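Chemist: What follows is each chain in one-letter form.
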Amino acid sequence: MIRDTTLAIVARGLCRHFGPRVAVKDIDVELGHGEVLGFLGPNGAGKSTVMRMLTGNLAPSAGTIEIGGIDLIARPEEAKNRLGYLPEMAPLYRELTVTEYLRFAARLHGVDSSKIPFALDRATKRCGLDDNGNRLIGSLSKGYRQRVGIAQAIIHDPAVIILDEPTAGLDPNQVREIRTLIRELGSERSVIVSTHILPEVESVCDRVQIINEGCTVFTGHIAMLKQQGISVEEVFVRSTMNSESQADI
Amino acid sequence: MFAVAQKELKILFCSPLAWVVLALAQVVFAWMFLAYLDTFLEIQPQLVKIANPPGVTESIVAPLFVVAAIVLLTATPLLTARLIAEERRNQTLTFLISAPVSISDIVLGKFLGLMIFFCAIIALVVALSVSLLIGGKLDFGLLLSNIAGLSLLAASFAGLGLYISCLSSQPATAGAGTLGILLGLWAMDNVTAESTDGIVRHLSLLAHYANFNRGVIDSFDLAYFAIFIVIFLLLSIRRLDSERLHD
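Line by line, the protein sequences give chains A and B. Terminal number for the first sequence in my numbering: 249, no gaps in between. Terminal number for the second sequence in my numbering: 247, no gaps in between.
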């Protein structure tokens, strides 16, 4: 639910083409404070492209992005400071220990050096990494690596967290843990979760936006859907079915 | 920028690569140093008879710095190849770009990290040279000119390697490319060694280094190195920036 009138992310008319191929056309993304937005779509729908644009990894061909009221294209550093991003593949340095890596992440995000121990402590506790600080990232299991990835995204206490398929490739227990973590994060921050696991959306998100072939095909509140007795799956199938065959191109 | 440089050094010294390079460099330097020292001691009796004989700095230190240049030339691709290519391969480049730092901070941080490591290699050569003080005097002017030249040469190698690494997502490809180009520049110097003039010689890195090696600090050489370094750093920044725009 949107609890505040100001928005954490406002993106309008996002377009992106790669050569002649149009990956994203005219997508609007809005994220309220304290809201968890589920970003859904079949594979190849353009989810990751939108996420990369929202995090400044890819310049949009057209459109504007504001993070907490700051234009991402005009003032990238200020805007990025409010963002935490976990890409599809957790960006980890296998040679570093968890603490070394998180300390680097904190410094890179401009966390004051006197506050780094506190930030480190908070992020590791939050992600259940307390006892693994001295382990090499290369020796961690996939679930723990994903936690380090999330810890990296929240180390600088950003207002907005963007998670691209955070539960992909994890076992059911780990999936549950990560979902609990996302819900916790969503209670105090704004979160965008991209996924194609439908139950995940129902369990962690407040609102859902479904995109297909680079366009928004549905957006609505989960609570409202539940009220009307419609499952996310129904909506998903209905809005993406008619062009299923082209979805992967 | 310093955060990136510090991380680079940490990762470099975590791996055996840095230590292997330092150890091998030291072996080569010590070997050549002793060989030059030996030669010098042999011909010293004859040198005394000349009116203005070359000193130890000229006959041992200067040739040693030439060897150091070649060692740096071969070590550079090993060290620069992974700079950006590996970040790209491990998807950690995204991590750097999503952070509130500019592309130039990333590139300069990487360059700085590598330069600090190169300074360690240069320090090995300097330490060997200074050890000559035990048995004689050194021409510190010539030594400083050599240090300046070698540092600039190392920075040029690093800049070039960094740029090639920006072009590739395979560290091995970037390494091979850098080695090829550096060897090409070296060969260019050898081919044109007879003719002291001509455009090709003006383009050769080692030809400009040769002046520093003789103790001549020419503003033309300084400008050449400065332009070389700045161009490749700018190209690297542009390259990474354009990836965001065009992909």
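Bear in mind the hints are in silico, worked out from the structure with no lab data behind them. This structure is a prediction, so every number in the text was calculated from the model and none was measured. Mixed in with the good hints, there may be bad ones.
Computed cross-link-like contacts, BS3-like style, restricted to lysine-lysine with a CA-CA straight-line distance of at most 30 Å [said to hold, decoys possible]: (1) B:K10 - A:K125; (2) A:K115 - B:K49; (3) B:K10 - A:K142; (4) A:K142 - A:K115; (5) A:K115 - A:K125; (6) A:K125 - A:K142.
Chain A regions said to be covered by chain B (calculated; three or more residues, Cβ under 8 Å) [stated by the list, open to error]: (7) 7 to 13; (8) 52 to 59; (9) 100 to 110; (10) 194 to 202.
Each residue gets a CB set at the ideal place from its N, CA and C atoms; glycine is no exception.
Chemist: Can the restraint linking K125 of chain A and K142 of chain A be considered satisfied, given a maximum Cα separation of 30 Å?
Modeler: holds (18 Å)
Chemist: Count the residues of the stretch 194 to 202 of chain A whose CB lies closer than 8 Å to any CB of chain B, then report whether that count reaches three.
Modeler: It is violated, with 0 qualifying residues against the three required.
Chemist: Between the alpha carbons of K115 of chain A and K49 of chain B, is the straight-line distance 30 Å or under?
Modeler: violated (69 Å)
Chemist: Starting from K10 of chain B, check that the Cα of K125 of chain A is at most 30 Å away, please.
Modeler: holds (25 Å)
Chemist: Does K142 of chain A sit within 30 Å of K10 of chain B, going by the straight-line distance between their CA atoms?
Modeler: The given pair, whose Cα atoms are some 24 Å apart, holds under the 30 Å limit.
Chemist: Are at least 3 residues of the stretch 100 to 110 of chain A within less than 8 Å of chain B when you compare beta carbons?
Modeler: holds (count 7)
Chemist: State whether the coverage of the stretch 52 to 59 of chain A by chain B holds or is violated, taking the criterion as 3 or more residues with Cβ-Cβ distances under 8 Å.
Modeler: With 6 residues in contact (Cβ-Cβ under 8 Å with chain B), the coverage given for the stretch 52 to 59 of chain A holds.
Chemist: Counting residues of the stretch 7 to 13 of chain A with a beta carbon closer than 8 Å to any beta carbon of chain B, are there 3 or more?
Modeler: Result for this restraint: violated, n = 0.
Chemist: Take a quick look at whether K142 of chain A and K115 of chain A sit within 30 Å of each other, Cα to Cα.
Modeler: Given pair K142 of chain A, K115 of chain A holds - Cα atoms ~29 Å apart, limit 30 Å.
Chemist: Assess, step by step, whether the Cα of K115 of chain A is no farther than 30 Å from the Cα of K125 of chain A, and give holds or violated.
Modeler: Satisfied, since the Cα-Cα distance of roughly 16 Å is no more than 30 Å.
Hint check: violations occur at hints 2, 7, 10; the rest are consistent with the structure.
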